[in-house]
Amino acid sequence: MSRRFALPFALAAAAAFGGYASQLAAEQPAAADAAANPFFTASALPYQVPPFDQIRDEHYLPAFERGMAEELAEIEAIANNPEAPTFENTIVAMEQTGEILARVSRVFFNLNSAHTNPAMQDVQKTVSPQLAAHRDAIFLNPTLFARVEALHGKRAELGLDPESLRLLERYYIDFVRAGARLSEEDKDKLRAINAELASLGTTFAQNVLRETLDSAVIVDTAEELDGFSDAQIRAAAEAATARGHEGKYLISLQNTSGQPPLALLTNRALRQRIHEASLNRGARDNEHDNRPVVARVAALRAERAALLGYPNHAAFVLENATAGTPDAVNEMLGGLAPAAVANARKEAADIQALIEAQGGDFELQAWDWDFYAEQVKQARYDLDPNELRAYFELESVLNNGVFYAANKVFGLTFKPRPDLPLYHPDARAWEVFEEDGTPLGIFIGDFYARDSKRGGAWMNAYVPQNGLEGNKAVVANHQNIPKPPEGEPTLMTFDEVVTMFHEFGHAVHGLFSDVRYPRFSGTSVPRDFVEFPSQVYEMWADWPTVLANYARHYETGELLPKEMLEKALEAQKFNEGFRTTEYVAASLIDQAWHQRKAGDVPTDTVAFEQQVLADTGMDFAPVPPRYRSTYFSHIMGGYSAGYYSYIWSEVLDADAVAWFKENGGMTRENGEHFRASLLARGGSKDAMELYRDFAGRDPEIRHLLERRGLTAAGSGE
304 MSRRFALPFA LAAAAAFGGY ASQLAAEQPA AADAAANPFF TASALPYQVP PFDQIRDEHY
364 LPAFERGMAE ELAEIEAIAN NPEAPTFENT IVAMEQTGEI LARVSRVFFN LNSAHTNPAM
424 QDVQKTVSPQ LAAHRDAIFL NPTLFARVEA LHGKRAELGL DPESLRLLER YYIDFVRAGA
484 RLSEEDKDKL RAINAELASL GTTFAQNVLR ETLDSAVIVD TAEELDGFSD AQIRAAAEAA
544 TARGHEGKYL ISLQNTSGQP PLALLTNRAL RQRIHEASLN RGARDNEHDN RPVVARVAAL
604 RAERAALLGY PNHAAFVLEN ATAGTPDAVN EMLGGLAPAA VANARKEAAD IQALIEAQGG
664 DFELQAWDWD FYAEQVKQAR YDLDPNELRA YFELESVLNN GVFYAANKVF GLTFKPRPDL
724 PLYHPDARAW EVFEEDGTPL GIFIGDFYAR DSKRGGAWMN AYVPQNGLEG NKAVVANHQN
784 IPKPPEGEPT LMTFDEVVTM FHEFGHAVHG LFSDVRYPRF SGTSVPRDFV EFPSQVYEMW
844 ADWPTVLANY ARHYETGELL PKEMLEKALE AQKFNEGFRT TEYVAASLID QAWHQRKAGD
904 VPTDTVAFEQ QVLADTGMDF APVPPRYRST YFSHIMGGYS AGYYSYIWSE VLDADAVAWF
964 KENGGMTREN GEHFRASLLA RGGSKDAMEL YRDFAGRDPE IRHLLERRGL TAAGSGE
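Numbering of the sequence shown is given in our numbering, commencing with residue 304 and proceeding in unit increments.
Note that these hints are calculated values from the structure, not bench results.
Each hint can be trusted.
With a cut-off of at most 20 Å between alpha-carbon atoms, the simulated EDC-like pairs for lysine to aspartate or glutamate come out as follows:
#1 Lys680 x Glu866
#2 Lys718 x Glu738
#3 Lys551 x Asp523
#4 Lys680 x Glu659
#5 Lys865 x Glu690
#6 Lys988 x Asp1001
Given the structure is predicted, the values throughout are model-derived calculations rather than measurements.
With the hints as extra help, turn the sequences into a complete structure.
What follows is the structure, given as structure tokens:
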């Protein structure tokens, strides 16, 4: 099955297929419909950018149906080929199947995250189990697997180049992990599990979106918003009006447990309302309650793992990751947890001292942390967050920071392409060029929050690079930066700045892909490796020459004062105990759900989560997990048993930053080495081999501990 088909396999896994293929084939759209559906033919736009201006909600379902029917016909032809299996007529042939399905899947699932609507959500409910069944129809096809297995058995005799050999090996592994060796009875069980998981994944995601919208906090008076800037108050008023609450103020929630307004609002009761609204999402005894969904998903994943011969779902997932085993992940998280909590408790003591010094007669709570931590930070570093934001205007950060760094390190240049139709007025496109003027691909930036966009920040590919078809990459970055009132500048926090650099690190990983097969394109690497290149790109956010180029006052053009810069950089390790604790707590919850055996998965979601935190020493009330299970979208999607990946990748990142500094820093030579040895290779080689090709050594964890300021706390100093 072609890897151009960007089906989110976390949703997929299948119902009994029955006569599904023949039914779809019988429902092929007529020729007139084919001409009207933009997914039925390749885009005529540059780089095959999707024709977003032509795509309508009613196009998706027919395109999915036709795409699945056509790919199944292609797969049947491969499986039943009377000629003996060869690498070309079996493996390469599978790489070339499913054009229509690939096209519609990439657009639909990307837009369902970036700009969804009820019609698209209905389509997702319909197609998720169908796509799961479609995947099973391919990977559980015994005739097709026999061809793959025969080739795999004599792979050493085929004379394949390294990328082709890896492709054959990965296909064989994919089939086995998908259940190709199971009995027919067990295959039927697997199909049923996969079908239910697909439906539950859709339910969970839509519940999270609905709950996040419904849990927004309505405020009656502007006085309650003391601490907000005038622009933030106006934005809250506009948001309330847009939702039908004229004369009031609305505070939207982000997808994390913590909420940015908590650092600003002086009204403690309002802070508590916001915090509790955030933590209660998906656990309010309403139609969007995700507690039973989480428990059922975990139980089904455990059952599927057992069926496939694994002790638990984590073991199944991690077999394909660089970590390898749950024990390796547990060892890393277990090593970080005590140091993180020790630092967090020290930070809490400093905050409590400030509360008492100001005459407060209450004990520090989670909704107080950001507000008072910001004051401790200001007192320690004399930093005003609003004053700092004035130097981080979005257009300057993007053009004079993110793009500037790409030019200095990789020689890239960017040309706006306002002629390309996109899916929302806030989205913009740039054509990307090599240093010598050779076209490289298209970059789409979509930076503002809106009700139709899921929370967080991410990158996706609308067209993945591959040499088999000669495609160049079309990639997109998304953030959720609050949009200011009309006519006002977009001033960013430094965290939002770093996120913009981070996501562009994913973008260059996709743009620089130089592989032959779609299966290995761009970011098609293990989950615990994919964050590494993006985290490396974060280093340019505070690289002196880059910072000096973009960090200028939005009104005066004044460069960020050196003293303020030094304080901002010093402050980067501030609150690191909190950040590491909330992250590790969430990672431990993820592992706890997915390291349970079949038949031993709890049904009380909240009680289980609390027990996990208590058992691991992470039950420190002022620092809740970054995500609670009921809105932990990562682990209900592609990061199940994989949320640890960010910090696993950060070990590589911290070591790679040390390598850059040891070898001269921001030079074109270093950029080209990083690109050629690692970024361009995609998934065509083992991830850790790629890292060693780049760094010439294995990574060392000490660089990460130093960065996070955890060494001293961990040693008791």
